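S.K.: Okay, here's what each chain looks like letter by letter:
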Amino acid sequence: MTKKLLLGVEAIGQGAIDGGISGVYAYPGTPSTEITEYIQGNEVAIARNLHREWSANEKTALESALGMSYAGKRSIVCMKHVGLNVAADPFINGAMTGINGGLIVAVADDPSMHSSQNEQDSRFYGKFAMIPVLEPSNQQEAYDMTRSGFELSEKLGTPVLLRITTRLAHSRAGVIPVENAAPENNLSLPSDPFQFVLLPAFARKRYQQLLDKQSLFEQASEESSFNRFTDGEDHSLGIICCGISLNYLMENYPDGCPYPVLEITQYPLPSKMVKKLEEMVDKIVVIEEGYPIVEEQLKGFFGYGKVVSGKLDGTLPRTGELNPDIVAKALNIKSYIGDAIPELVSNRPPALCKGCGHHDLFRALDEVTLDYGNGHVFSDIGCYTLGILPPYHSGFTCVDMGSSVTMAKGAADAGLFPAVAVIGDSTFTHSGITGLLDAVYEKSNIVIMIGDNESTSMTGGQDSSAFGRIESICAGAGVDPAHIHVIEALPKNHEKLVKLIRNEIAYTGVSVIIPRRECIQKSARRASENKKQIIIK
Amino acid sequence: MKCDIVLAGVGGQGILSIATVLGFAALENNLYLKQAETHGMSQRGGAVQSYLRLSDQPVYSDLIPYGKADLILSVEPMESLRYLPYLSPEGYVVTNTTPFINIVNYPDIKRIMEEIELLPRAVAIDAEAIAREIGNTKASNMVMLGAATPFIDIALESIENGIREIFGRKGDTLVNINLRALHAGREFSEANR
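Protein chains in written order, with the working numbering: chain A, 161 to 697; chain B, 23 to 215.
Among the hints, a few may not be true.
Claimed, not checked - Where chain A lies over chain B, by a calculated footprint (3+ residues, C-beta under 8 Å):
no., segment
1, 54-68
2, 107-114
3, 121-129
4, 144-152
Said to hold, decoys possible - Derived DEER-like restraints, expressed as beta-carbon distance ranges:
no., chain 1, residue 1, chain 2, residue 2, range
5, A, Asn278, B, Lys132, 20 to 28 Å
6, A, Glu503, B, Glu209, 21 to 29 Å
7, B, Lys132, A, Asn492, 41 to 49 Å
8, A, Lys652, B, Gly34, 52 to 60 Å
9, B, Lys192, A, Ser396, 56 to 64 Å
10, A, Phe284, B, Lys192, 42 to 50 Å
11, B, Arg154, A, Asp640, 55 to 63 Å
12, B, Glu179, A, Val467, 52 to 60 Å
Stated by the list, open to error - To give a feel for the contact side, a few chain B residues facing chain A, derived at Cβ under 10 Å:
no., residue
13, Gly45
14, Phe46
15, Tyr82
These aren't lab readings, by the way, just hints derived from the structure by calculation. Predicted model only: the values in this text are computed from it and were never measured. For each residue, glycine too, the CB sits at the ideal point set by N, CA and C.
So that you can see chain B by itself, here it is in the shape it has in the complex:
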């Protein structure tokens, strides 16, 4: 098993919560893992990425080489395109459709969606809308994680345990909302892949 994931987003969107849940799931399965993050200046609304590498063999590089990512998981549509050089020929792109517009020259969202539709293997999901239906827009990152789970070879149960572990101290309500978000994302992805 080997899964190299580029997690993409904008500083402040909380992509690291996704990485933390997956990291827990990987440890539970005794997988090797390396996860490089962005700290410092870029966290102030800049483009941020995390390289998450899971494998049953030792992982050497903290960075994913070009053309080797199995998955680009982006919580923002334009950011999903920024890491295409990393995507393997068989890789998937799973992206949120809600733009995060904090720059004046943000391109026309229609053109971004056209670029995403051109990709051979992409799932575009309105994570905010799904999270809102569930009752908490803050759960949108777990919707995104759910949408990515069909492309990550880790038992769903372990990922659920990761959510229980990470959100457990914040109470059962939040755990359940995030679990529902995970499942809703997964269902959407399986219906639209």
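Chain A on its own, in the form it takes in the complex:
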């Protein structure tokens, strides 16, 4: 057993392979992307030819994983937290159907919004769907909990949510994996042919079964070796640490914490363990990353009982990720802060790469739309969101995947003219096509600019399933082919692109302009890979 240096997300990928998956399904999203990429590059995964292609979005991914589970095999589906909003329908209903082959839904939350629009806490989704949630505190646990999570899923007959946050996702540590990956399950259909049929008559039964299972889920948490209680000599305070927060606590007590500590890494909350802690201490502090979900559960609505503090009473900040200093402050431990950052240090926000084709799109779009004043361009989620920031003015909204098309449509419905949507090829594939159908059906007066860099670039250049077919998809959705234009996104085409945008704004109806040029990061990577291959040959 050799120690491997793995990111938290890679540890999950290795755990999934060693847990005997037959497939991974995912749409890329920071900080979850590398779970899938790790599996894609893994020798065992390649030798076994596990399913490891990207899906069009998180919903199609989760449904496919559920289909694999239906067929008796183990699967993992991976996404970032907001992706679970997209996949919420099959997620909640997958809890109703239960599983056949083991199924793990791995979701990476992004507190502090390093690369996201919000910092929603996926543990709430787990509670909403009423399924077990695993929240590893370190890379080894991320591996172990994933690997054993498939057995747990099969034993309890339910999908299991695996929740991590950014720091664990993107931090490396030594992980000791098992020698051999578990064999894949055999193909087998569910013993109950109506298990996956959520017609009302069957669904009512399934719902009752799900409710009946809740005590089993809680018992599993009580018995889980991942939920641990460690006593301390000072019972004036008891500490509940969820997931990664344990590390920040122990960082402050390298020689051992003086207070009793309950580590929670598996939910539903093990109420007996919590009760045991409550009985022995004067008050409780809950340290959890994300929303105050455990704190809310423990806090007395009428103010009776022992004091429970955490994010709701300001002991810990309500927003942002945790760190050792925040936890130190909550426990009244003094910490030293080095010199302040000198005033002259300026911020360095992210920017579009030099030579990126999106520059050409925004230069032209700014030139046309600035005549109309602010507020006419609806942006979306991707590298091109950066067109909202100086030096460009191309975007006044950025809400969720695909919303550029539909918000432009709604604003046009309200009478805004012009209304221009800016969306990337992968985001269009993910959630733009359905909005386009609405716009075509109603002949909405909008211009859709699809910045096609033939790549899902913000997350590292993954392939998109509509590669090379964007214009035919638009035509197929019913856009008049006379108003679908593909143009190479290059500085020399600037005047041409400006004219195209002006013409299509003048046209009343749905127009699609596709400035296309491969992501320069992706071309550079391919060039360097080709070079390597030549050297090897």
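Go by the hints and put chain B onto chain A.
M.R.: What follows is chain B alone, placed relative to chain A:
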């Protein structure tokens, strides 16, 4: 042994190659290690950092607490100043002097260098110039790593092995250039600390 390092730079400058070499060296010495990286949006030319923690005792937090870093190793001068709150009272700053200017309000480089000179323990090194002399400016990150080695308690040999491991598949020439870069950086640092 405990060494907490903040690696700093700008997205695209490849600070992770430094972390990878050190990670290999740490594993070879059976040290505990945690290394938190920046992925996602900031990688597009934004300020990026990696927290690298090496110890002979288990490492808990993936993040370095304020005032606990033994070393700030920055491949860009302004970025070296951004993480000063993390530096311990005895900590060192090792920084490249070549600015990476991708913002309109980049401060006067002279003023940045003045701030760095004010620091009690700092080594400022023109890694590009040294790498150019060696024959490949791409080796500047290994010059920076070399300049940091006097402040990292890991045998130089293990770090050399890390370079052999990481660059090995790209051929001996590249390995040797990076090894020379490592040594040149180390020599500069020892002469100028």
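S.K.: Could you work out which of the previously given hints the structure breaks and list their numbers from low to high?
M.R.: Result: hints 4, 5, 6 and 8 break, sorted rising.
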